[in-house]
Amino acid sequence: MVCLLVSITVLHLVSLAMLFTATLEKSWWVWTDSEITDLWRDCFYNNFTQVWVCATTTENDWLQSVQALMVLSVVFSSVSLLVFLGQLFILPRGSLFYFTALCQAFAGY
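Using mature numbering (1 follows the signal peptide of the UniProt record, and there is no 0), the letters of the sequence shown map in sequence onto residues -19 to -1, 1 to 90.
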């Protein structure tokens, strides 16, 4: 039973780390040496001034939906981890973690 609880805790931590990395990563797509695009910005390298010029990528409605869903996924996964750790100490032995499972399911959806 202890092994199962430890593995579920590790699974929560790994999924949360992956979500934070995916949400905050600075370069999702590198098109050329002078263009980088991610979830939040689109950057071009200006050869004349030798500076990266970045603009927000909020022009598309679908991209704003993806941004909102990524933030909600991080929030639900964080709540799920905190509730899981709280339920480990509060719930009696053999109880089910329905709320934790519901939060984790919303984070993955």
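Treat the hints with caution; some may be incorrect.
[As the list claims (entries may be wrong)] Label pairs and their in silico Cβ distance ranges:
| # | residue 1 | residue 2 | range |
| --- | --- | --- | --- |
| 1 | L(-16) | S15 | 35 to 43 Å |
| 2 | S15 | L66 | 40 to 48 Å |
| 3 | F80 | S15 | 24 to 32 Å |
| 4 | L(-7) | Y26 | 31 to 39 Å |
| 5 | F29 | T(-11) | 49 to 57 Å |
No lab work stands behind these hints, which were simulated from the structure alone. Since the structure is predicted, the reported quantities are computational estimates derived from the model, not experimental observations. Built from N, CA and C at the ideal position, the CB exists for glycine as well.
Check each numbered hint from earlier against the structure, then list the numbers of those it violates in ascending order.
-> 1 and 3
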